[in-house]
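Single-letter residue listing:
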Amino acid sequence: MLHIINKSPSDRNSVEAALRLATKGSVVLLIEDAVYAATRGNTAAAKIQAAMADLKIYALKPDLETRGLADRVMDGVSLVDYAGFVDLVAEQPNCQSWL
Amino acid sequence: MKFGILVNEGPYTHQAADSAFKFAQAALAKGHEVTRVFFYHDGVNNASRLTVPPVDDRHVVNRWAELGEKHGVDLVVCIAAAQRRGLLDDNEAKRQGKDANNIHPAFRISGLGQLVEAGIQNDRLVTFGD
Amino acid sequence: MSDDMDMEDGGTIKKFMFVNRKAPYGTIYALEALEVVLISAAFEQDVSMAFVDDGVYQLMKGINSEGTELKNFSKTYRALDGYDIEKLYVEQESLEARGLTEDDLLVDVTVMSAAELAATMAEQDVVISH
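Protein chains in written order, with our numbering: chain A, 1 to 99; chain B, 1 to 130; chain C, 1 to 130.
Any given hint might turn out to be false.
[Unchecked claim] Capping the alpha-carbon separation at 30 Å, the derived lysine-lysine pairs in DSSO-like fashion look like this:
| hint | chain 1 | residue 1 | chain 2 | residue 2 |
| --- | --- | --- | --- | --- |
| 1 | B | K30 | A | K56 |
| 2 | B | K2 | A | K24 |
| 3 | C | K75 | B | K2 |
| 4 | A | K24 | C | K75 |
| 5 | B | K98 | C | K71 |
| 6 | B | K2 | C | K14 |
| 7 | B | K2 | A | K61 |
| 8 | C | K15 | A | K56 |
| 9 | A | K56 | B | K2 |
| 10 | C | K71 | B | K94 |
| 11 | C | K14 | C | K75 |
| 12 | A | K61 | B | K70 |
| 13 | C | K87 | A | K24 |
| 14 | C | K15 | C | K87 |
[Unchecked claim] According to the in silico footprint, chain B covers these stretches of chain C (three or more CB under 8 Å from chain B):
| hint | region |
| --- | --- |
| 15 | 12-21 |
| 16 | 27-38 |
| 17 | 64-72 |
If you are wondering where the hints come from, they were derived from the structure by calculation, not from laboratory data. All values reported here derive from a predicted model rather than from experimental measurement. C-beta atoms are modelled at their ideal positions from N, C-alpha and C, and glycine is treated no differently.
Sequences are here, hints too, so could you generate the full structure?
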């Protein structure tokens, strides 16, 4: 399953909920304000780091750039553009948005 | 692959409508089909024909309309959500005895069944919201 | 595009899960989400609802909305099984974190651990969020 998260971890508990309810081997895509979760030292950094053992974590590059975060991305987070977003949705059998 | 999209929020206030549009645009550019975009909750406001955004900013409503007109994407607004929020097309306005209508002609008003149908008929249904 | 009255989709049955994570009344999402669930009953799909985080509050007993004049929609949850919508999954961790038990809820539900719910979510064809 592709888990699409769009809210900052310091604003909502969506990142936490998604990580709690994603099965091993799932994929996470951080978009909109959730890209803050992909940055070094953010409030969810430890959770994201730990999650990498079981999940593949992506962040939407245009959203990172729009927020001035392009040079602060944590190691292990892969970046995609909107075309890559489409690919992720197509590649996974199903998807869920965590709002 | 066939995609359906659900937009839960209105233009400008949330990024949801923008993310949904950019996704749809990218999907079409890759040769996929985006068969329907369904607007629910405040998402119905994406269908207002009266928006006047600043000229140096993107025109969210017109972008959707162009997607509909150029790529045949079915832009559907939920009737119940629209009525609650004062979005009426010509038919609805007459039916409800209102003296104005405000839905952009590129959008059509229909029932929630169209959302369920979008889930059934497409390979993927992606939600954008708050 | 077919309208709501035409339910013939070649007999495709998909697993639809409606995920509820927001508290009721402070926003409209709980109410409008329920409206989608009711409509889905007409399409004979494999429908379930998941209540996670503040979404579990939607199922509480004892709602009295007279003072706020908000529309009380508790009875709609009770009507779900009449529409053959019986799979209401409540995340155990969400209940416990909020000091709630099944006794606080107004309908019969299936309480699942996060791991069980995660596995169930992973099997769905369509997941709709609000």
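Now for the hints, and whether the structure bears them out:
1. K30/B - K56/A: The hint holds at about 23 Å.
2. K2/B - K24/A: holds (27 Å)
3. K75/C - K2/B: This hinted pair is violated, its Cα atoms lying about 37 Å apart.
4. K24/A - K75/C: With a Cα-Cα distance of about 38 Å, the restraint between K24/A and K75/C is violated, given a limit of 30 Å.
5. K98/B - K71/C: Holds, because 24 Å separates the two Cα atoms, which is no more than 30 Å.
6. K2/B - K14/C: holds (15 Å)
7. K2/B - K61/A: Roughly 24 Å separates the two Cα atoms, so the pair holds.
8. K15/C - K56/A: holds (25 Å)
9. K56/A - K2/B: holds (24 Å)
10. K71/C - K94/B: holds (27 Å)
11. K14/C - K75/C: holds (27 Å)
12. K61/A - K70/B: Holds - the C-alpha atoms of K70/B and K61/A are around 27 Å apart, at most 30 Å.
13. K87/C - K24/A: holds (24 Å)
14. K15/C - K87/C: holds (11 Å)
15. 12-21: The restraint on the region 12-21 of chain C holds, since 3 of its residues have a Cβ under 8 Å from chain B and three suffice.
16. 27-38: holds (count 5)
17. 64-72: n = 0 at 8 Å, threshold three: violated.
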